[in-house]
Amino acid sequence: MELKADRLTRKYDRKTAVDGMSFELQKGVTGLLGANGAGKTTLIKMMCGILAPTSGEITYDGVPVKSEEYRNVLGYLPQDFGYYPDFTGRDFLMYFAALKGLGKKDAKERCAELFHLVNLEDKADVKIRNYSGGMKQRIGIAQAIINRPEILILDEPTAGLDPGERVRFRNLIEELGKESIVLLSTHIVSDIEHVAGRIIMMRAGQIIWQGTWKEEDGSLEDFYLKQFESGSKESINA
Amino acid sequence: MHKNRTFGTLYKYELLKIFKNKVAVITFMVLFIFTFLQGEFEVSGNVTPEALEQYRTLSGRAIDDTLISELLDATDESGRIVSDSDIAYEDFNDWVCDVIGYGLSYSDLNETSLYQERKRTIQEAHELSCLTEAEEGYWADGESRISKPIVYHDTVVTAGVLEGTTNLLIMMVVIIATALSSVFAMETQRKTDPMIRASLCGNRELYFAKILAGMSYVLGAILILLGVFYAYIGIRWGFDGMEYAIQTYRPFSQMALTNLQLAGILIMLTILGSLLISAFSLFVSCITRNGIAAMAVIIGTHLGLFALSSMIPYGMRALSQFFCLMPATLVSSRLVYEFRLVNAGKLLTCYQAAPVLYILMTALFIIIGSIAYDRQVK
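Taken in order, these protein sequences are the chains called A and B.
With my numbering as the guide, the letters of the first sequence map in order to residues 1 to 238.
With my numbering as the guide, the letters of the second sequence map in order to residues 1001 to 1378.
Bound-form chain A, shown alone:
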């Protein structure tokens, strides 16, 4: 189980949003850290096959990102994602279950599991327009994992969650990371500090550091700020 990005570049006119990034992801949670505008979302869109790279390629166990096989094992929660306000939570999940190729029976069972998992059991038949920000975020997370993805990509997934929900979410991500490749993009260090076994730090479309981080290494936030300020491109690759 290996997701590989090889010399990935994406240019928009004169601006290079992602500049020759290479990395490999294995089972477990990987945190993608970078300030706003670092190129995280562009990278993620390419990894989800919804934005073509200018050059370079992404493969999962040799399968290219544009293939149906890849999309079949992918779960994705974009930053600032949308929903259908007049759909109930159940409609929303059943629709995405169909989009992800789940049969009706499987989809129904999976929906019930997920409503329990994201603590929305009593709101399943309420229209999403009546959900709070945190509830919307949780239904978004549920759609991302409805197909039991082998690759789960989450772009700023904790936005709108209250502290209690954040803890619950971290536990969920930790659990998912045992079976899947999870890439969690954020600019908030505390989101990934305790769950990500591996960290990729980005600045101006490039990797400025990637490697594993343990609690005994000290504060990740301090290290991140140091890397960010120095702009070092040296990889520690611990």
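Quick caveat, the hints were computed from the structure, so don't treat them as lab data.
Only a predicted model underlies this, so the values are computations on that prediction, with no experimental measurement involved.
A couple of the hints might just be wrong.
What the hints assert, rightly or not - Short derived list, chain A residues pointing at chain B, Cβ under 8 Å:
(1) Glu68
(2) Pro78
(3) Gly82
(4) Met94
Where a beta carbon is used, it is the ideal one built from N, C-alpha and C, also for glycine.
With chain A's structure known, arrange chain B on it following the hints.
Positioned in the frame of chain A, the structure of chain B alone reads:
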């Protein structure tokens, strides 16, 4: 992977999205009510029940010297009905006025002059249309199949049915624009597109589920409106006169059809035309990814085609004829006066060529839209 098994579910939810579009549903409901009103006023707006009863005393009579002499007795020199007791001749008199126009005075009116005037007007129309010899031959054959003298029947119900059917297509354009302009655009505007595109069935399968849902909605809507309109007319007024030749309503036509057959043709063209406009609308929604812009393009295109069709000179035959074949112009009883034919191996009238053209254009818009949808991943 279980892609095929989920197509039905995707279709169901795409249809649900359209039904959740309040603007579309309200528009449909308003036009549903207008369809009832149209069923009433397309007929009662033009005649009182008493006058209609009087007109029908002449129905079934041949338009010959006997009937014409009765008309002349009932009218003055300028062709006006003189006495209220002769109201039965009012509708027939309108028909005669339509045929003779300014070309013949009432003092010279008889069976021979009336049919000669009709023939002369048709010949003028042929010349204006720059018909080929083959086309002239086609219409000469058509004319020979029209039995004469023409048998009169009032066209109050016929006019209501045929004009009402034309109006239904205009209503459908509004329904289509409000319901389908956002089918693809909403995914961009609601920011659901990235999640959809990253899904297994978010590309081709979803595209066709959206197309099928959009077209089913439109098909359902047009069948309901047509059903309501024809049921109302049938129950309230009956279909008297529909079994008569279309020359009772459109005297210069050389098509050997009854009014009922023409209504059937217009119904078929309204359905196929609505599906063509739907395919175009879905294509525009897919390309523009903006509901308001798509709505403007859909309505603007329909109005533009309607306006342009009468502006393009007959000399630019191919272009002018193509515009005439578009639903905005074609779904009308007036097109029985379109004498230009389409040569597709054999000569076809506009009503014969249009269904084939509409089906081909519908398929073309769906295919081009599918390619565009696939290529929207940048």
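Right, here's what the structure says about each hint:
This hint holds: Glu68(A) has a C-beta 6 Å from the nearest C-beta of chain B, less than the 8 Å allowed. Satisfaction of the interface hint for Pro78(A) is found here, the shortest Cβ-Cβ separation to chain B being roughly 4 Å, below the 8 Å cut-off. Interface hint status for Gly82(A): upheld, as the beta-carbon distance to the closest one in chain B is roughly 3 Å, under 8 Å. Here the hint on Met94(A) is kept, as its CB sits about 7 Å from the closest CB of chain B, short of 8 Å.
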